[in-house]
Amino acid sequence: MGVGLELHEKSEVNAFGPKFGLFDRVSTLFELVEKLPDEMSDAEVEGVLAVIPKETSKGLSAMLIPRLRDVSLIFLKTIGKWLRDAKNAPLEGKKSVLVPFCFPPEIVQAFDSAFPVTSEVLSTIGVIALEGQGERYFNMALGLGLPDHICSANAVEIGSMLGSDDFQPQAIISAAVGSCDINSKTHEMVSNYYGIPQFILEKPVDDTERGHPLYKKNFRRLVGQLEEFFDEELTEEKLRRVVEKANKASELMLELWDIHSAVPHPVPNLFALFTYGTRFAMWGTDEAITTMQAMVDTSKKRLKNGDYPAEKEVARCILSYTSYYFDLANLFNWMEEQGYSYIGDGLDLLWPTVIDTTDRDTMLDGLAMQAWNMPMTRQVGGHSMSMCWLEDLIHVAKMWSADCAIYSGHHSCKQTWSVSNIVRAELMNRINVPMLNLQGDSWLKRTTPISVIQKEIDEFIKNVVLPKRVGKKKVRKRA
Amino acid sequence: MSSVTVGTAMQEVIDHSEVVENEFVKKWKEGGGKVVGYTCVFTPPEIIDAAGLFPYRIRALGNPNTEIADSHLARFNCSFCRSCLQLGLDGTYDFLDGLVESNGCDHIRGMYENWQYVKPVSFFHYVKAPHVITDDSMDYYREELRLFMKALEEHFKVEITDEALKSSMEKQEEIKERLRTIYEMREGKNPAFTGAEALSLFLLASAVPDEEFIRMADAAIEERKGSSVSGYRARLMLAGAATDELELVRAVEAVGGLVVTDALCYGLRAFYSPLDLEGDPVEAMADVYMKDMLCPRMYEEYAKRRDFILGKIEDASVDGVVVMHNKFCDVHGVDNVQIRLDLEKRNIPVLALEKEYGSRADVGRIRTRVQAFLERIGG
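From first to last, the protein sequence lines stand for chains P and X.
According to my numbering, the first sequence is numbered sequentially starting from 4.
According to my numbering, the second sequence is numbered sequentially starting from 1408.
Calculated from the structure, these hints are not laboratory results.
Bear in mind the structure is a predicted one, so any value in this text is a computation, not a measurement.
Please note that a few of the clues may not be correct.
[To be verified] Examples of chain P residues toward chain X, derived with CB under 7 Å:
#1 H152
#2 D184
#3 K188
#4 M192
#5 G198
#6 E205
#7 T211
#8 H215
#9 L217
#10 K220
#11 D234
#12 M388
#13 H414
#14 W420
#15 V422
For every residue, glycine included, the Cβ atom is placed at its ideal position computed from N, Cα and C.
Starting from the given sequences, assemble the full structure and let the hints guide the process.
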């Protein structure tokens, strides 16, 4: 439980007016997005982009290019609905719970009196869609004294929360304990700062027969704490309602995983982001099923027609951990246009499973395993950070015939940074897949410009990946 | 500048505490003894000792060179861990016969994985400490300690009996008793030890055989009875990240800030809580090493950490607190913000320092900031 630093006095910190916070701004923006027609012509898109701020236009234009437009509109509108539900939750007597991306939100969805708000999803929307790309909120977090090496995925959202009259949750679920110090620590501080409860789901760094039962106990403990906090029993019926929907979405994700294997890659690059955006925010809802179905349908259509945006598929890439989110057009779409398929990244390592809905126990156990298998938790929350991460990468690299891996090098990921050289070496040793280590901030454009990232990816593929594919070059001996 | 006459007993402590492989380690090895290294306070040294092995707490002693480690860890990893890894890979720690990892933080986990990947040690064991205290997690940790004992027994072909464990616990308590005495003597109205000297004594306690430490500590205590450090401007507390940097403490004290107490894991946090010598040894160790280490990687224990610091500020009549963390240290980097806010709310002066471990380039900046802090608090 938060111990209450009792320091937050909104009248003192909010010097910028009532609509200054990240949540308020993105939810207002998405109220407009929800009003867009389901089908839009090029001229209509051009018209919309012309009247919105430049950086908002940048994010939206990446999604609204013709080959992505239909699915993007569905995705954007479901995000809009999620934000609207989050905004209305207090008005409907529901408690808002801040959850991390590595936690299945469907557990909170199962309660009638609660609504999950995913911290990193909010940050990412802010970075993609807002003028200023969320940097002012990061600065607010630093202004409080937080170090500049905290994770921007959290700092953008919590900077807004701590520094403005923005959305404030009634509780926090901290599920990165065991797999990410900075995520856990940041949420602990928010809990203490506001004096709101923090419910912890710890992942033991133990993949043995001792680790699993402890995790299941930790999971049951969390469910009990939530029931007590919401004053609501999590009945079998309530669980089944969301688990059945989550299962349907998981089946669609599995279908998408199969389609990823096809050559050339029939799944648009940006779907990697849409997939986990949906998973982290909306699993267990009808909107998640709608979005996943749309992605599967479009990918199947591309598979059937043999469509590929470039003349040919040049390289099949897996981003080994996080991606870059501040310029979607110049990463995802640019790669696609070069023939560089972005099959997925570390956050797509979601290992979807269909949960047994026989009774409350089977569903809770199934959800516990889903939580265990969430990205980051499963890899760097494992017994060995390097080996658990490596094994998953090897599995998907083989399954999806990847030619290479790219580590984005988000500077706050200290756990992956600390073993990325082992992973790089072993990917090469074991399956002959080279990995490029980049450096940058996944959410903040100020650290490494996208042009530099493009250049490094391009040089890597042309100078390392492609020569490997055609065999070793003969090196002429010097005279 | 804080000063006190350094006699032969204290000089012996300082000399031995400033080298990694001291002459006692060498002697132990020459006699056929084995040494097992550990870093985090979640690894009970009593268990290693009860196996007839020498428990050595890994340190970097402010080593600023990290060129080998930097090709394995990244520059986004804390420089203390990079510095320790450097010494592991450059041969300084070749005297170790075993390594014990624990999941103190993300950086230290990476340090151990790289150490073992690049230069494997024949005995390598991972003590997994939960981050939250519950009945289930305590059961798990107790089982971890039993598995650790079993691993040592199997690898080193020894037996760890309850009697041996109790005897080791008693010896550790004798060591801790000396350290508590030294801290009482530095926290009093007329501090008998400087902060740097207290750190030397602490470092020695986990780097030499028990009887040698007790001999040297007793001599130093005897030598300092009735002595008092003079010439300081303010009484400071040092809190925050793991540090064994004698030069850092000396730099703070050189400008007149006498470090009279601390809340460090290479310091008071590691020994303030006594072991229960009467009950089951594993239960007793689990209680202290899980519940009382006050490490910010325990996510439901903030209030306990804050209250400990507030208590020590009172006990040691502290004028100001220096909270520091190494660049990229997440657990202390964020915890220190909470601590600073909470202390400032109580009008206790705080200096928050972010620094590079062992960096000589940082010393000038740190001195300037401490000087400014002393001016601010009127020292």
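Each hint, compared with the structure:
1. The beta carbon of H152(P) is positioned within 7 Å of a beta carbon in chain X (closest approach about 5 Å), and the interface hint is therefore held.
2. The closest approach between the C-beta of D184(P) and any C-beta of chain X is roughly 4 Å, which is under the 7 Å cut-off, so the hint is satisfied.
3. Against a cut-off of 7 Å between C-beta atoms, the interface hint on K188(P) holds, since the closest Cβ of chain X lies about 4 Å away.
4. Given the 7 Å rule on beta carbons, the hint for M192(P) holds: about 5 Å separates it from the nearest Cβ of chain X.
5. The beta carbon of G198(P) is not positioned within 7 Å of any beta carbon in chain X (closest approach about 11 Å), and the interface hint is therefore violated.
6. This hint holds: E205(P) has a C-beta 5 Å from the nearest C-beta of chain X, less than the 7 Å allowed.
7. Because the smallest distance between the Cβ of T211(P) and any Cβ of chain X comes to about 10 Å, over 7 Å, the interface hint for this residue is violated.
8. Interface hint status for H215(P): violated, as the beta-carbon distance to the closest one in chain X is roughly 12 Å, over 7 Å.
9. The interface hint given for L217(P) is met, as the beta carbon of that residue sits about 5 Å from the closest beta carbon of chain X, less than 7 Å.
10. For K220(P), the interface hint holds, since its Cβ comes within 7 Å of a Cβ in chain X; the closest pair sits about 5 Å apart.
11. Annotation: interface hint on D234(P) violated; nearest CB of chain X at approximately 22 Å, more than 7 Å.
12. Of the supplied interface hints, the one on M388(P) holds, with its beta-carbon coming within about 6 Å of a beta-carbon of chain X, less than 7 Å.
13. Look at H414(P): its Cβ gets to within about 5 Å of chain X, closer than 7 Å, so that hint holds up.
14. Of the supplied interface hints, the one on W420(P) holds, with its beta-carbon coming within about 4 Å of a beta-carbon of chain X, less than 7 Å.
15. At about 5 Å, the closest approach between the beta carbon of V422(P) and any beta carbon in chain X falls short of 7 Å, and the interface hint on this residue holds.
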